[in-house]
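Chemist: Listed below are the residues making up each chain.
2 protein chains.
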Amino acid sequence: MKRYLDIVIIVLSLCFQSGWSQETQIVEDFKPSTMNQSEKQFPQVNSQRRVRASIAAPNANKVQLDIGGVKYDMRKDANGVWTGESNLQDEGFHYYQLNIDGASVPDPGSLYFYGAGRWGSGIEIPSRDQEFFELKNVPHGLVIENIYFSKLINSFRRCFIYTPAGYYENTKARYPVLYLQHGSFEDETGWSSQGKANLILDNLIASKKATPMIIVMDNGYAFKPQSNEAKEKKERPESIFEEVLITEVIPMIDAKFRTIANRENRAIAGLSMGANQTMRIMMNNLETFSYYGGFSGTANYPSTDPLDASTFLDGKYKDGSALNKKIKLFWLGLGTKEPAPFPKSVGAFRTMLEQQGIKYDYYESPETAHEWLTWRRCLYQFAFKLFK
Amino acid sequence: MKRYLDIVIIVLSLCFQSGWSQETQIVEDFKPSTMNQSEKQFPQVNSQRRVRASIAAPNANKVQLDIGGVKYDMRKDANGVWTGESNLQDEGFHYYQLNIDGASVPDPGSLYFYGAGRWGSGIEIPSRDQEFFELKNVPHGLVIENIYFSKLINSFRRCFIYTPAGYYENTKARYPVLYLQHGSFEDETGWSSQGKANLILDNLIASKKATPMIIVMDNGYAFKPQSNEAKEKKERPESIFEEVLITEVIPMIDAKFRTIANRENRAIAGLSMGANQTMRIMMNNLETFSYYGGFSGTANYPSTDPLDASTFLDGKYKDGSALNKKIKLFWLGLGTKEPAPFPKSVGAFRTMLEQQGIKYDYYESPETAHEWLTWRRCLYQFAFKLFK
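From first to last, the protein sequence lines stand for chains A and B. First residue of the first sequence? That's 1095 in our numbering, and the numbers climb one at a time after it. First residue of the second sequence? That's 1095 in our numbering, and the numbers climb one at a time after it.
Just chain A, with the same shape it has in the complex (with noise of 0.2 Å):
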């Protein structure tokens, strides 16, 4: 018996060893990543899911490739060109950036997108299921750019839409709208570009399986103006952002594109910030919308203490019945890997959903963390569920 449980060890440790440590050895099976440059051929992702970056920096002391919150050293070749690799990265888009010499910077490599507050590299580590949003040969839906001026802010903001494959042949066709929020310190390109939203809804469309919708991504950050006083006194501004989609941003949809204009054809999600925001938006406003999706994120973040249904955004979740009947969806989604306090916090809350016996749907992405995945999953899987 001492036998065979040592033999048991000496495995698993060799396992551990080279397969599934993180110091496993490097597999040369490195490939271009989808989200370069055309033409460049770094960053590259090998079948480990480890990313190769390389630059040319030939007077520098030391550069790094910064990814997933770890910093890995890039070395030098004789001529000048640094090169280096990170450990084991989950599936899915991350972002990413180079330090040279102290500097953090873009890749030249790569695309550049915005999130954590800067337009800046993002890779794409293939994923098993990346059917789903890939690029294929069906008839594909249009991505529009509009700017618009805000009153209730007094500047120009922009959203993009998103409006379904024969929109434009079939003029007297109408569509149900899906109003879809980014997260915190992202903007409204994301959904469109690292988010894939066009592509998985082109896919869905295709395949029969969502309902044609138009798509609404406007930017989820939006401030009253503020007093010169105000702002000397470095006061937070206050979010209006409700106030502007309700008032503004939909009746602007509904005037320039043609939409079904009733709460039975407008659904509205958001993932993180977007979760948050749109959860508070659907329940103070039952008459604009039916079905609700909240992607990595729920009103009551970052607290996961129980919640009262009774004072909880002002008693909304009192009635559930009511709400059963009013509501046609009410939709949550999560990644396994996604870190504190996001499954606490989200778990608080479907408590108390189901304490007041509020129908709603679940679903978690596997293996993927607060990330682009686990939302185009999200989409994917609430898009499907949409306007039946």
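Careful: at least some of the hints might be erroneous.
Capping the alpha-carbon separation at 27 Å, the derived lysine-lysine pairs in DSS-like fashion look like this [said to hold, decoys possible]: (1) B:Lys1453 with B:Lys1482; (2) B:Lys1482 with A:Lys1327; (3) A:Lys1230 with B:Lys1125.
Over 12 Å on every C-beta distance to chain A, these chain B residues come out as not near it, computed from the model [what the hints assert, rightly or not]: (4) Arg1144; (5) Pro1152; (6) Tyr1208; (7) Pro1220; (8) Asp1281; (9) Lys1302; (10) Glu1332; (11) Phe1351; (12) Ala1355; (13) Glu1358; (14) Leu1380; (15) Lys1420; (16) Ala1434; (17) Gly1441; (18) Ala1442; (19) Gly1451.
None of these hints come from the bench; they were simulated from the model. From the three backbone atoms N, C-alpha and C, an ideal C-beta is built for every residue, glycine too.
Please arrange chain B on chain A, whose structure you already have, making use of the hints.
Modeler: Below, chain B without anything else, positioned relative to chain A:
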């Protein structure tokens, strides 16, 4: 007399030393560039049209600002922040980058633009006449991203489409179309980003100076698929942009949008390489287009030799009086500071037009080179005259 001359010489030399020369003192009225990422303080521009860049790179040996083909050394302060200024720049938009110990990278402070064959930093030097491309509180058209599959190229391509304000509200109105092309090492994003084509048309249309029109901005790089043998031999691929535009893009646009689908309501224009391409397409397809605009380029590029109308472009310019009847507008534009061979090359072409008695409009953009302010001004002047 000698005394007066001496004074004149002293005054002139003072002028050269203090105000006229590049060695003049730096005026400390720098402001963040309008092309910066939200809330980023650098890069900045001053009233002299100098660029000041700044980046934290505490362990770097040498950091440079690389703009207009010149690298300017930056200075390191006690906190490891490097700052430096360029000499005087032309008004308008310029691509630039930073160089950190030999690594050429985008500036993390700027927005990014596709040009010079890469996504990278751009900066805007205020111009006297910038009012014509500013974002104003006028009705705004939309910019639409359209993904399509080209059978001729056997791959996905993308074009951007500008629809004028009112297109979505006036559901019966039909519009003329301008096909507008970018230059070499640029792509389909240029005209509606650094080119400001949408804002230029918004402003022109709002002030009733231009006829409301649709603009289609495609990618001018379109090559016939090559055999593996040809690829191995590194044969130059054959451009089939004309065929893609005429047989795929125009029918797609006419099917999808409410165009007036005839030659009287179709214009074609381009900048630099795009001027060369679209001039050939215009002359090969006079049944398709009746307006032509060539910005900083003609089809004889890079030659500056005199042109023989009986042989140039297969004699397409031979019959001047027939062309004068057929073409509604033949328009050429050039910046006064354009480098060789543009002035002489365009000049040789104009001489040929004049010899053939072909009517054309000619515009010179004051104090600009082969850059986007030249092309924005050209679009403004050209669009003004279209479809009238």
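Chemist: Next step is simple, just say for each hint if it's right about the structure.
Modeler: Checked hints:
1. B:Lys1453 with B:Lys1482: Given that 27 Å is the threshold and the Cα spacing comes to 17 Å, the pair holds.
2. B:Lys1482 with A:Lys1327: Given pair B:Lys1482, A:Lys1327 is violated - Cα atoms ~55 Å apart, limit 27 Å.
3. A:Lys1230 with B:Lys1125: 45 Å, violated
4. Arg1144: 22 Å, holds
5. Pro1152: 4 Å, violated
6. Tyr1208: 9 Å, violated
7. Pro1220: About 19 Å separates B:Pro1220 from the closest Cβ of chain A, which puts it past 12 Å; holds.
8. Asp1281: Incorrect as stated: the minimum Cβ-Cβ distance to chain A is 8 Å, not above 12 Å.
9. Lys1302: 20 Å, holds
10. Glu1332: 19 Å, holds
11. Phe1351: 6 Å, violated
12. Ala1355: Consistent with the label, B:Ala1355 stays out of reach of chain A, its closest Cβ about 14 Å off (over 12 Å).
13. Glu1358: B:Glu1358 is indeed farther than 12 Å from all Cβ atoms of chain A, at 23 Å.
14. Leu1380: Label holds. Min Cβ-Cβ 28 Å, cutoff 12 Å.
15. Lys1420: Answer for B:Lys1420: holds, closest chain A Cβ roughly 31 Å.
16. Ala1434: Nearest chain A Cβ is 29 Å from B:Ala1434, so the label holds.
17. Gly1441: It holds; B:Gly1441 is separated from chain A by about 34 Å at its closest Cβ, greater than 12 Å.
18. Ala1442: Per Cβ check, B:Ala1442 is outside 12 Å of chain A; nearest 34 Å; holds.
19. Gly1451: B:Gly1451 is indeed farther than 12 Å from all Cβ atoms of chain A, at 43 Å.
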